[in-house]
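Residue numbers (the working numbering), protein chains in the order written: chain A, 93 to 216; chain B, 93 to 216; chain C, 302 to 688; chain D, 302 to 688.
Everything labelled a hint here was simulated from the structure, so no lab data went into it. It is possible that part of the hints are untrue.
[Said to hold, decoys possible] Capping the alpha-carbon separation at 30 Å, the derived lysine-lysine pairs in DSSO-like fashion look like this:
id, chain 1, residue 1, chain 2, residue 2
1, B, Lys165, C, Lys675
2, C, Lys561, C, Lys532
3, C, Lys411, D, Lys532
[Claimed, not checked] Computed from the model, here is a short list of chain D residues facing chain C with C-beta under 10 Å:
id, residue
4, Phe325
5, Leu376
6, Val405
7, Pro429
8, His500
9, Ser520
10, Leu608
11, Leu609
Glycine included, C-beta positions come from ideal geometry on N, C-alpha and C.
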Amino acid sequence: MYSEKVLDHFRNPRNVGKIENPDGVGKVGNPVCGDVMVMYLKIKEDVIEDARFETFGCGAAIATSSMATELIKGKTIEEARQISNNAVAEALDGLPPVKMHCSVLAEEGIKAAIEDYLQKKKEQ
Amino acid sequence: MYSEKVLDHFRNPRNVGKIENPDGVGKVGNPVCGDVMVMYLKIKEDVIEDARFETFGCGAAIATSSMATELIKGKTIEEARQISNNAVAEALDGLPPVKMHCSVLAEEGIKAAIEDYLQKKKEQ
Amino acid sequence: MIYLDYNATTPCDKRVVEAMLPFFQEKFGNPSSLYYLGQEAKNAIEETRERIARFIGARKEEIIFTSGGTEANNLAIRGTIEALKKKGNHLITSSIEHHSVLKVFQSLEKEGFEVTYLPVNDAGQLDPDTLQKSIRPSTILISIMQANNETGVIEPIKELASLAQTKGIVFHTDAVQTMGKIPIKVKDLGVSLLSASAHKFYGPKGIGFLYLRKGTPLSPQIRGGEHERRKRAGTENVPAIVGMGKATEIAAGEMEAETKKVETLRNTLEEGLLSTIPEIEVVSQKAPRLFNTSLILVKDVEGESMLLNLDFEGIEVSSGSACTSGSLEPSHVLLACGYPHEIAHGSIRFSLGKFNTAEEINQVLEVFPKIVEKLRKISPFGKSEVH
Amino acid sequence: MIYLDYNATTPCDKRVVEAMLPFFQEKFGNPSSLYYLGQEAKNAIEETRERIARFIGARKEEIIFTSGGTEANNLAIRGTIEALKKKGNHLITSSIEHHSVLKVFQSLEKEGFEVTYLPVNDAGQLDPDTLQKSIRPSTILISIMQANNETGVIEPIKELASLAQTKGIVFHTDAVQTMGKIPIKVKDLGVSLLSASAHKFYGPKGIGFLYLRKGTPLSPQIRGGEHERRKRAGTENVPAIVGMGKATEIAAGEMEAETKKVETLRNTLEEGLLSTIPEIEVVSQKAPRLFNTSLILVKDVEGESMLLNLDFEGIEVSSGSACTSGSLEPSHVLLACGYPHEIAHGSIRFSLGKFNTAEEINQVLEVFPKIVEKLRKISPFGKSEVH
Ligand SMILES: Cc1ncc(COP(=O)(O)O)c(C=O)c1O
Ligand SMILES: Cc1ncc(COP(=O)(O)O)c(C=O)c1O
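Here chain A stands alone, though its shape is the one from the complex (with noise of 0.2 Å):
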């Protein structure tokens, strides 16, 4: 049902963790329906340095938090907002329907975490 990458990313999840001092965190998904993904980004001058991730989730939810810390990274905190659900879902070679919900939360997770980032600059 899932993909070789889906599969990768989901045994082997790249950048699993949690940043300190992050300059921006998102958390979306709620335990209730079985998915929570907290995004951790360290962004320098709107770059986005590193991104690491937590999530509670099935194997889609796992894959798909993996494969977003690894789209954005190095990316712009412009170029890393317009990354879609799709787009997280396509480099993984796909999603099965009822799955695609999981690439919903990685692309809300990376704009929960830039939007804090941006917050955060604006109150300092």
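Since chain A is already given, all that's left is putting chains B, C and D with the ligands on it; use the hints.
For chains B, C and D with the ligands alone, kept in the frame of chain A given last:
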């Protein structure tokens, strides 16, 4: 579905054919219903000396006709009249429920032939 | 044993059994399971779905697996009607359908639907004009079989379905007797629903399918898990599905050659019987017919007694339809063709298949005339001799 | 490969396959046919009917073959309701039934019936008092499963059914998970209807049966020929029926010994997991349970991700029920037991069978704690270490 005895009487029916100048003839059944039996009797002093039949019908119809002729040969007409359809069926080691009506045909065939005999006797 | 009842059921092709075997003990997973063994089973049934779809010119998602032809017919009819009952309450079928269609319509009549049973001509054929005239604004479903199991007559489904199509009425065809025997292209036929059953074309018993044209509404009749796109619940019969796939593959490759061979045998049989037995008739001999079927009417003799005598000789045939052999009524199909009861009682069906040989047919030609002669001697009717 | 999902499906016993094999190519007759080959098939299915009837303490005529457990459940419920709808419109079932029961009741609700879904306690057990209170004068059917497929909890069917019996209400039990695992005597249980499915006890997929107590009204759901005493039409799936018969025979002889063996393995598994992984729970551990089933809740980890990791290691288990694995909702059974969603998402079901070995269980005990540890590291929740 049929007992060995039914199959035997069907395969090698006893007493097939007409009797020339019979003392009694009974024709029962209806081609529309798929079975017709003609019973011919040779009767001397109210004892059935010979019985023959012609039947159009299924395996059970032919087997019960054959068995009926066997059962009545040598019997008085009083005895023969008391042969029930169940007796014919039992003599054949039973019939499938959907085929019980064929044994009714045999019983009616015997009775009709005897009626015919009695009728003719009265008219003499 | 000479088996000549292929319209009742067929033996599995050896290759079908071989294809099924691994799925009982080794590849036994539940296709709903996410792990390897489950996905392996899932892939096997999806490949079959694809293969069957291709064979009838449909899409993969348009194939629903069922437990056989009877269930497929029930699902097609009840499923459509439950989905569409707000649109009308008139249904059309024919008087020669298989019981798995007729009985459903009869029960629907009791539930308040109006059903028109279209007549057929003497040769068992439906007339598109008659259908045309019977269509009402309240008609929601038309169900006509593609070929009749008793006579083998092939109905003009394309013409009939096109009438339905122009009025936007759902059209179902029971293709249980045609699948694997003649080419089927659902787009060509113009049908919305088509039923088939594997055991009629060298596949296993207990499996069939319903083709459901995309967009056609259908209410499931067996509910539960999310199987078959929610149109039919229940753990999939994986080995049987794979077997039906193999049978379809074999038919795709060999149907044409088998047809020629079997048709020759069938014609030899008919010519032989007609030339040796007086007062017999081949039903619908002049109509477009399945190449393997020969329904014979024998005057003055009842069908079952012929069947049993043939059985004594190791020749297995049916008297009318297998399903009705247990009942006392003569074939409803022959009655619909206008034969009187007494004639209809004297029917015997030879239906041939790919494993039959010329010797077998010769054997039948040897034996059958004697049987008819014997039974006619027992019969009180016309005493014509066999040549 | 270590298969631990026997509640989803089982491999066929070798002897079952051997028993089935002759019926594909040689003894392939249609049981409706009158000739030898047909009667041979007919006898084979009637012997199976007899054997199954004996196993559950029923009469031969009380067994109806179906295409599986899902169809048997649908037939039991819809068949009863169609036959009895004039008598009332209230139905009772439980909140932990299999989807093949629940979805039927849900569709009946849409058709205007009132349905009470009985609650269960924390351990997944039904309370006869609660049933008693929910019975109304208009109640026409009660359907409660004998054992739950996810938790393995065995319900007090005898007590529940006796309440129905005193009020003359038809009682159905879904015995798909108990048939072949624990002794079933329908008279003892006091049920009118009981469903089972062969592929759950080492028989083939695509076949099951419904026990219908003599005199219980039932309206057929699949109509056509006169098969199965007019309760279920369609050419009989002879090989599968024979296979189910063989599986029943094997269960009759070996069930007791297998139960002991499998229960020991299951207990070893549970003790091992509980002692090595913190913050896990065995659902309904103290309740009367099937000897083979172990439903585990693992805190902070989602079920599918455990399932997939186990699959990578060649260990095949289910996350909740096989049927719901494709859906996103957590198990309705766990929710009914009162677990919050976030806990229910962390379930994994081990269901053992007669082909499992002690080494396999050791292997799981080796691998599974590491998987939980890994996934908890990925999880944003509580960072407890595995011992
Ligand atoms: C025309 C036709 N439709 C439907 C069926 C029923 O199919 P099945 O035997 O798979 O139930 C049959 C055969 O019995 C048939 O000949
Ligand atoms: C309790 C229960 N009832 C019914 C079913 C359905 O049976 P089948 O798989 O034969 O359709 C299952 C299994 O899927 C089950 O576990």
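Hint check:
For the suggested pair Lys165(B) and Lys675(C), the alpha carbons sit about 24 Å apart, so the restraint of at most 30 Å is met. Between Lys561(C) and Lys532(C) the alpha-carbon distance is near 38 Å, which puts this suggested pair outside the 30 Å criterion. Proximity of Lys411(C) to Lys532(D) is assessed by CA-CA distance (about 17 Å); at most 30 Å being required, the pair is judged to hold. Among the interface hints, the one on Phe325(D) holds; its C-beta lies about 4 Å from the nearest C-beta in chain C, closer than the 10 Å criterion.
Taking 10 Å as the C-beta cut-off, the interface hint given for Leu376(D) holds, the closest approach to chain C being about 9 Å. Hint status for Val405(D): holds, given a least beta-carbon distance of 5 Å to chain C, under 10 Å. Interface restraint check for Pro429(D): the shortest CB-CB distance to chain C comes to about 27 Å, outside 10 Å, so the restraint is violated. The beta carbon of His500(D) is positioned within 10 Å of a beta carbon in chain C (closest approach about 6 Å), and the interface hint is therefore held.
At a threshold of 10 Å, the smallest CB-CB gap from Ser520(D) to chain C is about 9 Å, leaving the interface hint in force. Below 10 Å, beta-carbon pairs count as interface contacts, and Leu608(D) has one with chain C at about 6 Å; its hint therefore holds. Taking 10 Å as the C-beta contact cut-off toward chain C, the hint placing Leu609(D) at the interface holds, the least distance being around 7 Å.
Violated hints, listed in ascending order, are 2, 7; each of the other numbered hints is respected by the structure.
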